[in-house]
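Residues per chain, in single letters:
Number of protein chains: 2
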Amino acid sequence: MLVIVWWLVTVVMVAAHSASGVVELYWEVENQFWSPDCAEGSTGFVITINGTFPGPTINAVAGDTVIIHVKNKLFTEGVVIHWHGIRQNGTPWSDGAAGLTQCPINPGETFTYNFTVDKAGTHFYHGHYGMQRSAGLYGMMVVTSPKETLHSDGEFNLLLSDWWHQSSTFQELSLSSKPMRWIGEPQSLLINGRGQFNCSQAWYFNEGGLKECKFKKEDHCAPTILRVKPNSVYRLRIASTTSLASLNLAVEGHQLEVIEADGNYVTPFTVKDIDIYSGETYSVLLRTHNPSPPRKYWISVGVRGRKPNTTQALTVLHYAGASESGRLPSPPPVTPIWNDYKRSKTFSKKIFAAKGYPPPPEKSNKQLFLLNTQNLMEGYTKWAINNLSLSVPPTPYIGSIRYGLPLEYLNFPGPDIIENYDINKPPVNPNTTVSSGIYKLPTGIVVDVILQNANVLNVEVSEVHPWHLHGHDFWILGYGEEKFRPGVDDKKYNLINPPLRNTVPLYPYGWTALRFVTDNPGVWFFHCHIEPHLHMGMGVVFAEGVDQIVKMNIPREALGCGLTGEMFMNQGRH
Amino acid sequence: MLVIVWWLVTVVMVAAHSASGVVELYWEVENQFWSPDCAEGSTGFVITINGTFPGPTINAVAGDTVIIHVKNKLFTEGVVIHWHGIRQNGTPWSDGAAGLTQCPINPGETFTYNFTVDKAGTHFYHGHYGMQRSAGLYGMMVVTSPKETLHSDGEFNLLLSDWWHQSSTFQELSLSSKPMRWIGEPQSLLINGRGQFNCSQAWYFNEGGLKECKFKKEDHCAPTILRVKPNSVYRLRIASTTSLASLNLAVEGHQLEVIEADGNYVTPFTVKDIDIYSGETYSVLLRTHNPSPPRKYWISVGVRGRKPNTTQALTVLHYAGASESGRLPSPPPVTPIWNDYKRSKTFSKKIFAAKGYPPPPEKSNKQLFLLNTQNLMEGYTKWAINNLSLSVPPTPYIGSIRYGLPLEYLNFPGPDIIENYDINKPPVNPNTTVSSGIYKLPTGIVVDVILQNANVLNVEVSEVHPWHLHGHDFWILGYGEEKFRPGVDDKKYNLINPPLRNTVPLYPYGWTALRFVTDNPGVWFFHCHIEPHLHMGMGVVFAEGVDQIVKMNIPREALGCGLTGEMFMNQGRH
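First to last, the sequence lines map onto chains U and S.
For the first sequence, UniProt numbering begins at 1 and goes up steadily by one.
For the second sequence, UniProt numbering begins at 1 and goes up steadily by one.
This is chain U alone, in the form it adopts within the complex (with noise of 0.2 Å):
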């Protein structure tokens, strides 16, 4: 009955804005003690919002208009914050990119993102300067609509993310060190900011030999129940902010049906359990059953994409009766194995457009190779696209290009670069260049994007990317295997009903192609998700409608720092 339901709120896309409101908050960012897993001997703090981790849910109606005053309240870090999965139509400078956007909010200063959000769907915001996503600034974002008629009986928030007992500052100059000094896997995963370090909750079915947890109910690390009645239908809420981390989540005893992905609907599917990459957010519909006596099941997160070292984070789904305080009946869900790509990407491609959305535009203008190569650059590693590693300017892009200042503007290479290249081996030349360069891309055209996945430095080794996009959701036209073969993959693309995302996964050895349509003047990363990789220059930058750009007005509070800072004092001279 309820999937029937579904059905007629899946054409509501676009909220009426008659009634729309404005969600105002003021938030204050910090560094707190905290122990997300209750690790003894950690360096033990993470950047709060208002004295919470993660920080507060924003809960709006879309149509609302959502004004934020950040006020920076850290020593000596600049800060900002990225809204991930709100497309800034008309704000881009409300996207909270430092360098891209913005520029970072001074230790002391307040700045106000003031934004529309325009559809009903499940997002989340993190901080997008350094790695301060991995130091614990995000927190998630939920936007309901009240044409969505779908009913449910109550819905849990799931944010998911990894914990290193290493600083951020630490993870970022491992990172930027020569030679690299590799992060590791995470200490530990969490849900909803709490996590269990070196122990299980699961202890007494000898999970991997891990001693019990010990927790009391307000520490930090203590697990977020989900509390549920039988016979009802949830709605859980996924976002994945890992660092690092592919995951996979799952339910002890009950299916998950799957309904929105980044923001929009899906065709409903159900699964047994849901892999989540970092940057995606999803819907899923639990529904509950009777079981007799009341019980709990565990709900577990573990490790996909990377050869684990990290404990499953747990929790338990807790029917009313249940007791507070007894062992559960069976052991946790296992995590499917890390390496197993093949099951991965038959969820990928489960996923399609609920009915109601419609199909991407059939052809596009403008075809985008982008080569995925780790390389290295006078001994420090990098992640470089097309040969050229991102380094992020001190003068945000979006400044200098709506002043005229100077800027490099890349040439699109042809499919050659992919043609050309052996992507079963590590690259024959590995060197690198720093590039601050970006793409220009006109508006109103149809944007083809083909990441294609290599081999990294060592052998044998290709790695998962999930790519995000600012300012856009866009098609999933297709996964293949190998090298994208233009002329021959591209006659196979989805044009009927491929999936509206903002994230998606690049697959080992593979490649992923993706469309949209650039009608958001502003200037958009486009990144691999996973911080590190981000941090080592993996991403790129759309320059869209430039001619639009430079007539923005632009609050000048976002380009105080860099070229357009100085720029601004010199003008004001008198």
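Calculated from the structure, these hints are not laboratory results.
Hints are not guaranteed to be accurate.
Which copy is meant is left open, because identical chains are indistinguishable; a pair holds if it fits in one copy or across any two.
Below, in silico cross-link-like pairs of lysine to aspartate or glutamate (EDC-like), each with a Cα-Cα straight-line distance of 20 Å or less [to be verified]:
1) 147 - 482
2) 178 - 28
3) 73 - 378
4) 178 - 219
5) 355 - 257
6) 178 - 30
7) 73 - 566
Given the coordinates of chain U, assemble chain S onto it according to the supplied hints.
For chain S alone, coordinates are given in the frame of chain U:
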């Protein structure tokens, strides 16, 4: 013979400007992995300049213009550098005090310091934003003069510091937490950035039962050996940039003739060891004898003024021909007991200006009483001066003054602020207020500052505070026990030959009086040089010559943040 020559040069206080040159340096500031004390498992990174720690020594000649282009290559932190001991006559914006004289330099950006070094002396430089001094951002600055005819057979710079295994961010957070988490005593003391954690080079004398230090020549912790010849005179230039520790330095078997303090010559006197507080510099002459056979002697540095929990730092005075690897025949000098303040004061009171220095003005126009207390603010531990704990705002004071932006000026308290206070007990009302207010001083007057110490929050504790003044040297008129008595104690001021300094200790339960002439318009920090104390509010700010600051041609690059930055942006609208 040497001493005789010495007298002749002490009257030469200002260098000829005819031959003045330019010292231009290009610096890059970044974090790097480093093991100053070879400890395992420490955070292991320091702030380096051009890849070195401590930063490069600046060598200049009196009269030179020093131009330093500082590029911030930290990932998310701002940075400034203060040139400790340089008075910045006419260039207050080059003083490098964040929030007072400039905005922090943003990551990726460059700020140019440009100032004149007007006289010979031993100085240093260090970070002055957050607790970046504790993160290792410091180095020596030596100004010589061709008119300084003192002959020595060689010079050694000894830059003393202390080192923690937790990052400066962690320390800042600890001190700012509720309740405050004290950072504890340093893990190691460093000589020229080199120390040995939890071990002793003199282990074979069973020094505190410590094990042998193991290091290789190329290790960061390998001590700098002072290689000397017999029957020679060496000038040791000693500076302390400790975050917390008060130090004592001794050279086994050698006396030290003190000739310079904080860049001013003093009447030479000879000691067996020298106390040095954070912010102070000294030059001492060390005369070698002729040991037969040639041998090695210990140079030891230990903690005073706080109950020590840190191993002595050791290095070696190595006579030419002594064995490279052999043991020393005798144990290192023992640091005087930490709380023998009588001994400390005896040393302080031995320091007089060298002949040739004019005496201070006979009378002062203004008396400023500064009562030092430890307090609480809503459960946070603070240090307060006259019941106000300093919070430096994001807009640099010098910019607020220059452009007439709102600013709070504090009233000068009368002597009753001390008279009415029981300095021997914890504060009756321990609560303080945080304030950004500053003191206004007209130019062309003589100011006396009376620093009054008191009991902290715990009973029967009062601490040493080395107070440092920017932009000026001052005369130390006197030290006294208990409360300062106006009309009594000021009658006993030394107005004949008080030493000119920029840093002076305030002893437990006592007072210190100093005098300076307001001959340098600018905004000048006067603060306890103990970094945790300053972080907790222990400082005041002097706005000197406001009527002249408003006319100053301050480089706008120094003011591109906060309200001044905003103002420039709005002025620039067209």
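Cross-check of the supplied hints:
1. 147 - 482: Classified as neither: same-chain Cα gap 43 Å, cross-chain 75 Å, threshold 20 Å.
2. 178 - 28: between (36 Å within a copy, 17 Å between copies)
3. 73 - 378: For residue 73 and residue 378, the Cα distance is within 20 Å only across copies (18 Å; inside one copy 37 Å).
4. 178 - 219: between (39 Å within a copy, 17 Å between copies)
5. 355 - 257: So residue 355 and residue 257 pass the 20 Å test inside one copy only (16 Å; across, 90 Å).
6. 178 - 30: between (31 Å within a copy, 13 Å between copies)
7. 73 - 566: Close across copies (19 Å), not inside one copy (25 Å); limit 20 Å.
In the structure shown, a violation is registered for the earlier hint numbered 1 alone.
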